[in-house]
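First residue of the sequence shown: 2, per our numbering; consecutive thereafter.
Hints are not guaranteed to be accurate.
Said to hold, decoys possible - In silico DSS-like links for lysine-lysine, alpha-carbon gap of 30 Å or less:
#, residue 1, residue 2
1, K167, K148
2, K123, K228
3, K91, K228
4, K28, K148
5, K123, K91
6, K157, K167
7, K228, K280
8, K91, K73
9, K123, K157
10, K157, K280
11, K148, K73
12, K28, K91
13, K28, K123
14, K73, K157
15, K148, K123
16, K28, K167
Because the hints were derived from the structure by calculation, they are not lab data.
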Amino acid sequence: MRIAILDDYHGAAQRYADWTVLGAQAKVQVFHQYLPEGPGRIEALAPFDVIVAMRERTPFPAAMIEALPELKLLVTTGMRNNAIDMQACKARGVLVCGAPGSSQASNATSELAWAMILALFKRLPQEQAAMRAGLWETGMPQILAGKRLGVVGLGKLGAATGTVGKAFGMDVVAWSPNLTDERAAQAGFRCVDKQELFATSDVVSLHLVLSPRTQQVVDAASLAAMKPTAFLVNTSRAGLVDQAALFAALREDRLAGAGLDVYEVEPLPADDPLRAMDKVVLTPHLGYVNEPNFRDFYGNAVQAVRAWAQGAPIRVLS
Numbered sequence: 002m003r004i005a006i007l008d009d010y011h012g013a014a015q016r017y018a019d020w021t022v023l024g025a026q027a028k029v030q031v032f033h034q035y036l037p038e039g040p041g042r043i044e045a046l047a048p049f050d051v052i053v054a055m056r057e058r059t060p061f062p063a064a065m066i067e068a069l070p071e072l073k074l075l076v077t078t079g080m081r082n083n084a085i086d087m088q089a090c091k092a093r094g095v096l097v098c099g100a101p102g103s104s105q106a107s108n109a110t111s112e113l114a115w116a117m118i119l120a121l122f123k124r125l126p127q128e129q130a131a132m133r134a135g136l137w138e139t140g141m142p143q144i145l146a147g148k149r150l151g152v153v154g155l156g157k158l159g160a161a162t163g164t165v166g167k168a169f170g171m172d173v174v175a176w177s178p179n180l181t182d183e184r185a186a187q188a189g190f191r192c193v194d195k196q197e198l199f200a201t202s203d204v205v206s207l208h209l210v211l212s213p214r215t216q217q218v219v220d221a222a223s224l225a226a227m228k229p230t231a232f233l234v235n236t237s238r239a240g241l242v243d244q245a246a247l248f249a250a251l252r253e254d255r256l257a258g259a260g261l262d263v264y265e266v267e268p269l270p271a272d273d274p275l276r277a278m279d280k281v282v283l284t285p286h287l288g289y290v291n292e293p294n295f296r297d298f299y300g301n302a303v304q305a306v307r308a309w310a311q312g313a314p315i316r317v318l319s
């Protein structure tokens, strides 16, 4: 049984889980670097019976599934993966199982969103760069109290983000395609329509699941409605935002800045123009990256492979 572990950037898979419990017949190979799309990726993965994917870092469309004749089990960390074509796996007889993360880390993405909000309001990237250049007090930080936080998506992460906003004395409003006044009130927030949220918020933080319905839900019109002093923070999925419209708004100073943890192409190319914008706080998709999550991801992945090898698969997704 040949097992490939993909996209282990941190070298965590074999530190955080004991793969030897799978027995001597299990040959594990860890790929620490991202395998670029193309024939090289297929050639590298063709020999493997089992592939363990780290979230959506490497996509598995139908063409990829068809090109891997030895593949029998695909384990994804987390219990949802929109980058895997489940129908193609089912048609090819490839079992897909999930490996959940840690409940202890359930608010980690909200924490990162707040790190970005604070960095934007307090000009941390600009002031750190200025300090390293020998300068002193190059701009005026903003206070949070009295400003409006717009939360797009009021699930667990959105609600956690909004709660912190209220603790800072912000006026917090929320919107999502399915949000009702009653649900918002139960979470302790006020529901407004999409136009009002984008037009009146001083910072908008996105916490929606990407789906056909939410694809580019933050469109050019939404960005155009935002105040030129406002910030956009996206720690969810790049597909929620019209990326071309966002880049134009930032380049033309129609937005004060953005905090981005997710991108259309990941890893973000070294020459991507976003990297040169000092008004943008960039992190490399860190929202779910933490030790408790990765210990559970890889420990549960081992369990999934072992259960499948014993003929009793667990946490079957497709």
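Cross-check of the supplied hints:
| no. | hint | in the structure |
| --- | --- | --- |
| 1 | K167 <-> K148 | holds (10 Å) |
| 2 | K123 <-> K228 | holds (18 Å) |
| 3 | K91 <-> K228 | violated (47 Å) |
| 4 | K28 <-> K148 | violated (55 Å) |
| 5 | K123 <-> K91 | violated (50 Å) |
| 6 | K157 <-> K167 | holds (16 Å) |
| 7 | K228 <-> K280 | holds (15 Å) |
| 8 | K91 <-> K73 | holds (11 Å) |
| 9 | K123 <-> K157 | holds (26 Å) |
| 10 | K157 <-> K280 | holds (28 Å) |
| 11 | K148 <-> K73 | violated (52 Å) |
| 12 | K28 <-> K91 | holds (25 Å) |
| 13 | K28 <-> K123 | violated (50 Å) |
| 14 | K73 <-> K157 | violated (34 Å) |
| 15 | K148 <-> K123 | holds (14 Å) |
| 16 | K28 <-> K167 | violated (51 Å) |
The structure fails to meet hints 3, 4, 5, 11, 13, 14, 16 from the earlier list, while all remaining hints are met.
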